[in-house]
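Novice: Given the sequences, and given the hints that come with them, work out the whole structure.
Protein chains: 2
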Amino acid sequence: MAAASRVKRLRRDWDVVVYERTQWVSFALCGIPYHVSCMVKRLSDLIHYPLEEFTRRRGIDVRIETEVVDVGDGYVVARRRDGREERLEYDVLVLATGARPVVPRGLAEAVDQERVFVVSHLGDAERIRRRLEAGAEKAVVVGGGFLGLEMAEAIRSWGARVTIVEKLGGLLPTVLDEEFSEHLTRIVVGVEGVEVVTGKGVSSIEGGGVVLEDGSSIEADIVVLAVGRRPETSLAEKLGLRLGRSGAVAVDERMRTSRENVYAVGDAAEARSIVTGEPVWCPFAQVANKMGYVAGTVIAGGDARLRGVACTSATKVFGVTVAKTGLSLAEAKRLGIDAEAVDVEAGTKARYIPGGSWIKLRVVYEASTGRLLGAQALSGDESGFWRVNVVAALLEKKADVWDLFETDLGYTPLLSPVWDPLVVAARLALRRLGGRR
Amino acid sequence: MAAASRVKRLRRDWDVVVYERTQWVSFALCGIPYHVSCMVKRLSDLIHYPLEEFTRRRGIDVRIETEVVDVGDGYVVARRRDGREERLEYDVLVLATGARPVVPRGLAEAVDQERVFVVSHLGDAERIRRRLEAGAEKAVVVGGGFLGLEMAEAIRSWGARVTIVEKLGGLLPTVLDEEFSEHLTRIVVGVEGVEVVTGKGVSSIEGGGVVLEDGSSIEADIVVLAVGRRPETSLAEKLGLRLGRSGAVAVDERMRTSRENVYAVGDAAEARSIVTGEPVWCPFAQVANKMGYVAGTVIAGGDARLRGVACTSATKVFGVTVAKTGLSLAEAKRLGIDAEAVDVEAGTKARYIPGGSWIKLRVVYEASTGRLLGAQALSGDESGFWRVNVVAALLEKKADVWDLFETDLGYTPLLSPVWDPLVVAARLALRRLGGRR
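Quick note, the sequences are listed as chains A and B, same order. If you read the first sequence in the working numbering, its first letter stands for residue 5, the second for the next number, and so on. If you read the second sequence in the working numbering, its first letter stands for residue 5, the second for the next number, and so on.
Hints listed in this document are in silico derivations from the structure and should not be mistaken for laboratory results. Note that this is a predicted model, so its numbers are computed, not measured. Even for Gly, the Cβ is constructed at its ideal location relative to N, Cα and C. Check each hint, because a few of them may be wrong.
[Unchecked claim] The calculated lysine to aspartate or glutamate pairs, modelled on EDC-like cross-linking and capped at a C-alpha distance of 20 Å, are: (1) K353(A) x E223(B); (2) K402(B) x D407(A); (3) K142(B) x D65(B).
[Unchecked claim] Now the in silico label distances, taken between C-beta atoms and shown as ranges: (4) R435(B) x D17(A): 14 to 24 Å; (5) R355(A) x G63(B): 16 to 26 Å; (6) L432(A) x L339(B): 51 to 61 Å; (7) R355(B) x E282(A): 53 to 63 Å.
Specialist: Structure representation (structure tokens):
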């Protein structure tokens, strides 16, 4: 919708048609856990704009409950809910097909959407909430990523005891470095009514619960699978578009695919890492929206580029804010970068102000140059999110730890310590860089 | 203390002597209002580190209650509390003499520190609190800057009715653009028990209160003068150091003054604006500390520079967070820069999340190039502070509005809207830049 809206804003007289498989457009997928928990009461609250905003006000021809089932050179074929098909010719095509949940091998048949759920679109939010309303005492969430954590908190808010099963060693294992993952795991383990099982995958889901790889089982009235997502590229493949190593559609900075007049945006497309310059898959809403904006601008004849993304991600669960931007130390090393990290544990306000919170912060940089590579934070207030965002801004400009030291963060006792944890981290890094620079 | 500590860390065997006029070192001047309000109960809580941290642990020879009264080529003369003087020779001198409160013409005699106060050091915090403990029903705070606002809130917390008198047109008039100053003024005017009188100076302070320039008067049991500060440069002048246009000591990026082996740091010294490249006076704690760190490093033979500061400033008063970095639109125009601004009023969380707050944000940029010049924000939560800090990071790297658009701020519904107000501001600016770029 971001791309369509942008085209229509710049080219009022162009025909813009949007096909949407579900009944919802402009929906907040990230809000699903908050609908499940009843923090967001109505499902309709998760719709950013009503359909009329796009159709009447913006002049976009939105065709909901209509799935594009075929695509070729200059045309698409779409199937309406009643089964009838329509063919539409295009001058320019934008693929914004998103991502779909991964269902682990052997578990696909267990997904019945009555007791065993995936989280794919708004309808799932409604069904999971209905299930919880009907009563559930024991829940298993498979997957300790962002969605798994958020769903676990949402289900726990109904009073059900929740077990999070994560195959790898800790929570958010593909986001955070091990030490941070472990720290988060310890916090979540400490939440009443929540258990965390790590290092074990799920081998099957049966009547009474979940069976783990080691043969042990966990009873469950409700199971939510949240083990990850994959870009939805079936249409892209039909068009023969080049896919990247991540499996998402390869695009340039202008969201152009390998085929002329075909663009890809959102969770279906890759972006370029501002840190490495290499393609990455960052299926995050804020990136998706910017991709849409850029594609729409370019299609309409304007100049826009998304030169890079830092893959900043965040959540707030069980009273902890988690945020990360750029690379973790482990990711940097895996890429062969000579990376180092400095850790700071600090208060988030002036020491003498009551009610300050805590932050555990890591800043990752290149050992030879001091160039910033990333940051991650856990914090008891929201400041960890923002401190990571400050690093995201510096990553955008390829800054180094000296820039971080110099960045003139404001200070007032109620809002931060006079030596901000970010500046302390920079100082530690500078001390280590010492003679090397 | 930052400079002294740094030298001692790098040069353990050097003799480092610190003279301090008061009995306190490493004190949190910015914390004074919070001691007055009793949020910080003990005055000693405002001491970052006890004296022994510096003397015993760091090996610094700190001589408190000893004022340097003369300085010459290679020596200082200091007077102890008992009146005895000592002379000390130095190889390197660091002036960290800070700033002193401005007392408006004609009001100096009224300052009795029993009923009429300035806020200069920790002792003032104690005296003002004693006065409030003794009972005060009506207070006048002269000056609507950061300190005036914070003192007004602190005094109001005792139940006294407070009138803030600001000579210029609104609160924080030299920090914020007029529209933002007016918005803040409206909020503060709405606080029960607080009045704001703008556009009128104080002509005298008499027994029963304050007399304004227009002849009207305001009753007061207690008057706090908070009309600004000036760099304390009497020693610098004795040494014949070059002062900048601001009146503070001119220094280079390494904190070196016009005289060899003499450094100046903190509120007594100028810094270089990262935005304009010109010297500016930014008497803020976080800048002062960095200056000390840089001077100490350089003195000890290391390499360090403070290439520029954004003069980021902030406060949280009466439930509003105020923050600013770089230039306001008015400041930019006064400097002859072809500047423009975009304003965004938005929520600070995903729209559907209950309990989100509000932000009013301005981003200032150069019209011809889109280069960022500054930002200011008022917000109901602390996110305005952090959004301004994100811009401070971008200013550090001389970023433009396209960089701001691209900065990959994390998104999660509980912490921010998916189109962050900063990104919305960037979009608005890009739209305006349109053909020009």
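Novice: Hints first: check each against the structure and report whether it holds.
Specialist: Right, here's what the structure says about each hint:
1. K353(A) x E223(B): violated (36 Å)
2. K402(B) x D407(A): holds (11 Å)
3. K142(B) x D65(B): Roughly 45 Å between the alpha carbons, so the hint for K142(B) and D65(B) is violated.
4. R435(B) x D17(A): 14 to 24 Å: holds (19 Å)
5. R355(A) x G63(B): 16 to 26 Å: Between R355(A) and G63(B), where Cβ atoms are some 23 Å apart, the hint holds.
6. L432(A) x L339(B): 51 to 61 Å: violated (36 Å)
7. R355(B) x E282(A): 53 to 63 Å: The hint (53 to 63 Å, Cβ to Cβ) is violated, given that R355(B) and E282(A) are roughly 35 Å apart.
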